[in-house]
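Visitor: Below are the chains, spelled out letter by letter.
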Amino acid sequence: MNGWILAAAVVIAAGLGTSLWGVSTGPLKRRVVAQNLSNAIVCPGLLLLAQGYGRTSYVDLALILALLGPVGTLVFARLLAGELADDPPSARVPTWTVAAVGAAVVLVLCAVTGPGRAMVKLLVVGALVVGGNLIASRALSHGFPGVDRG
Amino acid sequence: MADAVVVIALLLVAGAATAAVVNRDPVRQALVLSVLGTALAVLFTVDQAPDVGLSQLAVGSALTPLLIMLAVRKVRRRPAESGEDGEK
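Taken in sequence, the protein lines are chains A and F.
FYI, the working numbering numbers position 89 of the first sequence as 89, with every residue one higher than the one before it.
Count along the second sequence from 1, then add 1000; that gives the number in the working numbering.
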């Protein structure tokens, strides 16, 4: 229908497809990283869908995902701490790539929306996505201080 | 093009659900299930049902993995506590 939905389709197909492949094969450390990045890449996709459908209320979906996605990853990081401590996952390049995609999508949407209340909401969502993604990745690779056995 | 997004979301949901069944370890199934929840939320959104997608996100992204992981921990810890056939 329009370019926004096309962009959302590309982001969701590439991001979610890659993370689905990563989460269903390979060692456990790759799976938790893929689960974390799936949340962080779907969030910009939902923002693009909201813009494409022209309904600002759809931004709530991305907001909820940006809030609860890192919580789910932290659950895994906490409860799998014993198994991840031996061989901690580190995925610096994919993490920063996903964070850059999220930031770029939010900035483009802000430029289109223009100043106002909707732009503030978009910026909040973007900060939550990037910040939550980085915090969850850090928790996965460094564990929780003081917790050595989940 | 709107149909193309629906087809992509459907394919992702089918792939994630198949992967969740094919994996045999409960911990890995919980991880795939979390991605499946996200894919389902996308499917509901592109089908213009964002309210269903919201509840799916709220339940599927944090609550379901937490319940499964807690249950797995409880089940695995029990043999070690009662002293039979060691730690798993």
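Please note that the accuracy of each hint is not assured.
As the list claims (entries may be wrong) - As a list, the in silico SDA-like pairs of lysine to any residue whose alpha-carbon atoms are at most 20 angstroms apart: (1) A:LYS121 / A:THR56; (2) A:LYS29 / F:ILE1068; (3) A:LYS29 / A:GLU83; (4) A:LYS29 / A:LEU79; (5) F:LYS1074 / F:VAL1027; (6) F:LYS1074 / A:LEU74; (7) A:LYS121 / A:ALA139; (8) A:LYS29 / F:ARG1073; (9) A:LYS29 / A:THR97; (10) A:LYS29 / F:LEU1066; (11) A:LYS29 / F:ASP1047; (12) F:LYS1074 / A:LYS121; (13) A:LYS29 / F:VAL1022; (14) A:LYS29 / F:ARG1024; (15) A:LYS29 / A:CYS110; (16) F:LYS1074 / A:LEU79; (17) A:LYS29 / F:ASP1051; (18) F:LYS1074 / A:GLY82; (19) A:LYS29 / A:PHE144; (20) A:LYS29 / A:VAL93; (21) F:LYS1074 / A:ARG92; (22) A:LYS29 / F:PRO1026; (23) A:LYS29 / F:ALA1020; (24) A:LYS121 / F:LEU1054; (25) A:LYS29 / F:MET1069; (26) A:LYS29 / F:VAL1072; (27) A:LYS121 / F:ASP1051; (28) A:LYS29 / A:LYS121; (29) A:LYS29 / F:ASP1025; (30) A:LYS29 / A:LEU74; (31) A:LYS29 / F:ASN1023; (32) A:LYS29 / F:ALA1014; (33) F:LYS1074 / A:GLU83; (34) A:LYS29 / A:PRO94.
Think of the hints as simulated: they come from the structure by calculation, not from any bench.
Visitor: Does PRO1026 of chain F sit within 20 angstroms of LYS29 of chain A, going by the straight-line distance between their CA atoms?
Guide: holds (15 angstroms)
Visitor: Can the restraint linking LYS29 of chain A and VAL1022 of chain F be considered satisfied, given a maximum Cα separation of 20 angstroms?
Guide: Holds: LYS29 of chain A and VAL1022 of chain F sit about 19 angstroms apart, inside 20 angstroms.
Visitor: Straight-line Cα separation of LYS1074 of chain F and GLU83 of chain A no greater than 20 angstroms?
Guide: holds (16 angstroms)
Visitor: Please work out if LYS29 of chain A and ASN1023 of chain F have their alpha carbons no farther apart than 20 angstroms.
Guide: Cα-Cα ~15 angstroms, so holds.
Visitor: Run the distance test for LYS29 of chain A versus ARG1073 of chain F: straight-line Cα separation, threshold 20 angstroms.
Guide: holds (18 angstroms)
Visitor: Given the hint that LYS29 of chain A pairs with PRO94 of chain A, test it: the Cα-Cα distance must not exceed 20 angstroms.
Guide: holds (14 angstroms)
Visitor: Starting from LYS29 of chain A, check that the Cα of VAL93 of chain A is at most 20 angstroms away, please.
Guide: Answer holds: LYS29 of chain A to VAL93 of chain A is near 15 angstroms, not above 20 angstroms.
Visitor: For the pair we were handed, LYS1074 of chain F and LYS121 of chain A, check the Cα-Cα distance against 20 angstroms.
Guide: Distance ~41 angstroms between LYS1074 of chain F and LYS121 of chain A Cα, so the pair is violated.
Visitor: So if I understand the rule, the pair passes when the alpha-carbon distance is 20 angstroms or less; does LYS29 of chain A with LYS121 of chain A pass?
Guide: Given that 20 angstroms is the threshold and the Cα spacing comes to 33 angstroms, the pair is violated.
Visitor: Mind checking the alpha carbons of LYS1074 of chain F and ARG92 of chain A for me, to see if they're no more than 20 angstroms apart?
Guide: violated (33 angstroms)
Visitor: Is the straight-line distance between the alpha-carbon of LYS29 of chain A and that of LEU74 of chain A 20 angstroms or less?
Guide: holds (14 angstroms)
Visitor: Straight-line Cα separation of LYS29 of chain A and ASP1047 of chain F no greater than 20 angstroms?
Guide: violated (34 angstroms)
The structure is inconsistent with the numbered hints 7, 11, 12, 15, 17, 21, 28 and 32, although it conforms to all the rest.
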